[in-house]
Amino acid sequence: MALSLNDIAHLALQAGNLVHQSGGDTARTADTMTRAAQALGADHAHTLVSSLNLGLTISARGEQHTAFHKAPHMGVNFRTLTGVERALASLEAGRISVQAFTHLLDDMHTRPHYAPRWLIALVVGFACGGFAALFGGDLAAVVATTVGAGLGTWLRLRLAKAGYKPLVFAIATSALAAILTGVLARWLSATPDAALAASVLFLIPGVPLINGAADLLNGNYLNGTVRLTMSAVFVLGIGIGMSLALRVLT
Amino acid sequence: MSGWLVELWSIPAALGFAVLFNVPPRTLWLSCALALAGHGLRFGLVHAGSDIVLGTLVAALLIGFCAEWWSRRARQAAPVYAVCAAIPMVPGTYMYKAVQALLQLASVTEASQAQQHLVDAGYNIVKAAMILLALAIGIAAPALLWPKKGH
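Taken in order, these protein sequences are the chains called A and B.
Each residue of the first sequence is one higher than the one before, starting from 1 at the first, in our numbering.
Each residue of the second sequence is one higher than the one before, starting from 251 at the first, in our numbering.
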């Protein structure tokens, strides 16, 4: 049974949406939509990927169909990114049916994080503790940073889930993490500056920065600039939060 | 803590972000191994007399090429492995010193007193930006430099 053009476009857009919102760069999002459309029976697919919209025009059996979808927020979830790729590769190789592919994509939304929120906060806090050590801090600085950045991460996950914008939660959580870390580190540690510098790094926008660079190098200048601007907003938020914290601490 | 042993702290630093970004548990070890290799290589290069920007670029290219190689084997996106491995090289100290200098600039009331703070802020901002750019380009470039077969 051949799928209708409408169904093909819908599924291809859904796959593109998942990649776009889970950390794929522009080339990967476009590639995913094209491959999905072709695997589902389209002869040709032309894609559009912007930070706000995804669209594609597909043709098959002499007919054309165009569909658009509002693009979701560009976040990071590598479980979704790898899951879509695996499902798509299985579909292309004929290992799974169209129905199974549809189910896999639908399920992708409901799959939780591998780790619960408290564990994420703990390991990310400890990661910032590792930064403190890399910046020349002593063990007390590592402990202080782990506590401060851990609580900051926990708050960040709460605020992001509650729908606050990046600049707001970046300022709030970096200020909280830096104040907590600063108080602890000045009390316990001989290297409070290393702890303070490390305490806000859980907000570093690693994926937008690297995807932005990838987009620029690929010639997707508009989306690359959007991603780098997103990173700049985070860095600005970190800077404002840190400057508030340093005023409180002195 | 000093010398090479400190480099081991890049492992938990990468692991934390891998958990945050929901990297599949089976490939967590790769992010950690690449983080240690990259940060260790940069440490070695700086120790041998390279400047930190070049050292970061070379280390990021190492991570990027390894991640690209693995991603083609596993048919997955390279950033899944590369991003977390790159994060321990983020220039946090420079960014912190830049904020400190800017803050002091805010409290200065006469232009003649601002010179040192402006130099401090400029130096740290430019250095942090150069390191971040070297990192981002070094991670992103291998996918383009390495020709794809059959595409």
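Be careful, since some hints might not be right.
[Unchecked claim] Straight-line alpha carbon distances no greater than 30 Å define the calculated DSBU-like cross-link-like pairs of lysine-lysine that follow: (1) A/161 with A/70; (2) B/377 with A/165; (3) B/377 with B/398; (4) A/70 with A/165; (5) B/347 with A/165.
[Unchecked claim] In silico negatives: residues of chain A with every beta carbon more than 12 Å from chain B: (6) 50; (7) 67; (8) 70; (9) 105; (10) 121; (11) 130; (12) 164; (13) 180; (14) 187; (15) 199; (16) 206.
Please keep in mind that the hints were generated in silico from the structure rather than gathered at the bench.
Backbone N, C-alpha and C fix where the C-beta goes; we use that ideal spot for every residue, glycine too.
How the hints compare with the structure:
no., hint, result
1, A/161 with A/70, "holds (20 Å)"
2, B/377 with A/165, "holds (29 Å)"
3, B/377 with B/398, "violated (34 Å)"
4, A/70 with A/165, "holds (18 Å)"
5, B/347 with A/165, "holds (26 Å)"
6, 50, "holds (20 Å)"
7, 67, "holds (24 Å)"
8, 70, "holds (23 Å)"
9, 105, "holds (17 Å)"
10, 121, "violated (9 Å)"
11, 130, "violated (4 Å)"
12, 164, "holds (17 Å)"
13, 180, "holds (16 Å)"
14, 187, "holds (19 Å)"
15, 199, "violated (9 Å)"
16, 206, "violated (5 Å)"
In summary, the structure is inconsistent with hints 3, 10, 11, 15 and 16 from the numbered list given earlier, while agreeing with the others.
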